[in-house]
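Asker: This is what each chain is made of:
Number of protein chains: 2
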Amino acid sequence: MLERFKVPKKDEVRVSHESLHEVIKAVFVKMGTSESDATEAADVLTMTDLRGVETHGVSNMLRAYINQYTSGQVNPRPEWKIERETPGTAVINADRGLGVVLGRRAMDIAIEKAKKVGFGVVTMNNGGHLGAVGHFSMHAAKQDMVGMCATAAGTGVLPTFAAEPRFGTNPISIAAPANDEAAFLFDAATSQIAGNKFTLARRVGSDLLPGWIADAAGNPIMEETPVPEGYGDLLPLGGTRENGSHKGYGLLMMVDILGGMLSGSVPGMFDSEYFESGYKHYFAAYNIDAFTDVGGFKNNMDQMLRTLRETRPAPGHDRVLYPGLPEHEEEQDRRANGVPLHTEVIEWFKGLENEMGVPALIRK
Amino acid sequence: MLERFKVPKKDEVRVSHESLHEVIKAVFVKMGTSESDATEAADVLTMTDLRGVETHGVSNMLRAYINQYTSGQVNPRPEWKIERETPGTAVINADRGLGVVLGRRAMDIAIEKAKKVGFGVVTMNNGGHLGAVGHFSMHAAKQDMVGMCATAAGTGVLPTFAAEPRFGTNPISIAAPANDEAAFLFDAATSQIAGNKFTLARRVGSDLLPGWIADAAGNPIMEETPVPEGYGDLLPLGGTRENGSHKGYGLLMMVDILGGMLSGSVPGMFDSEYFESGYKHYFAAYNIDAFTDVGGFKNNMDQMLRTLRETRPAPGHDRVLYPGLPEHEEEQDRRANGVPLHTEVIEWFKGLENEMGVPALIRK
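Protein sequence lines correspond, in order, to chains H and R.
For the first sequence, numbering that gives the first Met the number 0 assigns the number 0 to the initial residue and increments by one for each residue that follows.
For the second sequence, numbering that gives the first Met the number 0 assigns the number 0 to the initial residue and increments by one for each residue that follows.
Check before you lean on any hint, since a few could be wrong.
What the hints assert, rightly or not - Heads up, incomplete: computed chain H residues facing chain R, CB under 10 Å, no partners named: (1) Val90; (2) Ala200; (3) Val203; (4) Thr310; (5) Val319.
These are computed hints drawn from the structure, not numbers from a lab.
Small disclaimer: the values here were computed from a predicted structure and weren't measured.
Just so it is clear, CB atoms sit at the ideal spot from N, CA and C, and this is done for glycine as well.
Model the full assembly from the supplied sequences, consistent with the hints where possible.
Answerer: Here you go:
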């Protein structure tokens, strides 16, 4: 994550991740979920904050989930069911359950199918927010699979050349295991930035960079610009056509097709109101053993990741990273030294403590 | 394709696509392939030029293939075989056969598996160049599948922050069928531009745009710049870190993993010489019927594609396109009015006619 999105040192309070997990779980139980569903959600959110993916951790998402449970937009006791199934595929109707609660179970179905027929794909319609999609890809990677996950919903992103938004930020993730190196884990919006970056930037007082959003007429804004009211119209990955936004546009559509259309649902752009058709998710697991020797694969991953890490950096950079490496390092640091939360977020948690009677966060 | 890459009107000669197909087929037979393999290759290259994907049509690739057959780098009579197989997956050793010859057959295996278990994925190691990856995704879409195809090879693209290249241009494609609208077909390098764009730009005398390549030290070149000698070090999709190149970097790795590692091969970065481990390919077919009603899916595709096409454009643009639409329109035009080739390419074909005794191209 770029420095501009991080909590400034002066505003940060470090809390224990065990305490964070306990509080999140208590909040979900208060929202009416089962104990086990609350644990699922706490696992996802805590790991997301441990890995430094602050867009999708408690500071943005726990509040959103509370609002969605309170308003009735999501269902705390979803009776999800498989609507269509083949040996390698399944389509789940989530009954408006949150993805953070149901996602691991969907990926487990994909993994079981992959063990039998080499590859498993599970799509989910009528769902709620999934959290950080990388979490579920990583779940598959831990079982010697290549995991992929994506999610589609809403309309905040412009097609190339367009003045009207048509896509969600449609993130995609992929994870693959190694032996000694931190696992490969790529997780990114196919728009220029994730929607939650607006909230982070506003909280920490940063401007947006050139080529991230468009003005009201659809012109890409090519200088630094303050965070607009609400969410602003995001540009596809690439930014401008000359810089490859037609590729981001194609990837946005790919996620709408794999997650939305192949779950028997519709793209977010069909909704007359935001999220009317729900969030749509895609979970896939490739059983490495079906393709090649697992030990050899992981040795090759080690060698590839080490090669990347040891690649000579360009001027002005200390080293070359790879997707998953900084998040792995962040996790080690945060497990030892606590999860940094903005003082504004700490205050909000204190409010929860008073309102809901959930435990207090313990500082590290 | 940006205007800067197109053959200038003053330099263009239009030839009949039937004649182009005949000449390509004759060239492949002269290279020692079977009649049916020559037809496969002519199908791919002719359709690629009909769709206006000039990077991967005859002007660049037919020459390259002749060089590769002549040098012995590729095998005109490959004895390809399935090395590992499950109900949903297969790994093929291409025996150094060209992908343009074997790709359709690999996708057919994926399609047959998808009919049985909902999804089929075929990877191919030890291969030759695949041509335009979108061709094979489209082959699946024509059979009511969502098709995906990707290819990995070589080392011409820099990781984010790096001074040494580590990836091929690793293109990815996806296609999905509609009823009335032109099918969705996305096909793009996960680097800023395809490697063959260097050749096109050099031929038509265009400079490269800011953020496409780096200088020798690894600094992104942020102004227009002449095409460098050879191929230059390409930046990942996004260009700079601030503009999202870490996302292009993740996608580059995704293709190396899906195509290279899951074919039991290695990433191109392991090769001590260029393409030593061959090209590695990925073919996937999702049977739409396994996920949802095919008729409903195609109706939804029509509605999505029409919605995009009719979206209000930003200032300075006539209309909003979607991936596959301009290529479809180009195909209609070129079928009627011929395929435009640069006079330099026409001269080269005349040379072939003299050297090999293949038929002359017929002008349209």
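Asker: Which numbered hints are broken by the structure, listed smallest first?
Answerer: The structure conflicts with hints 2, 3, although it agrees with all the remaining ones.
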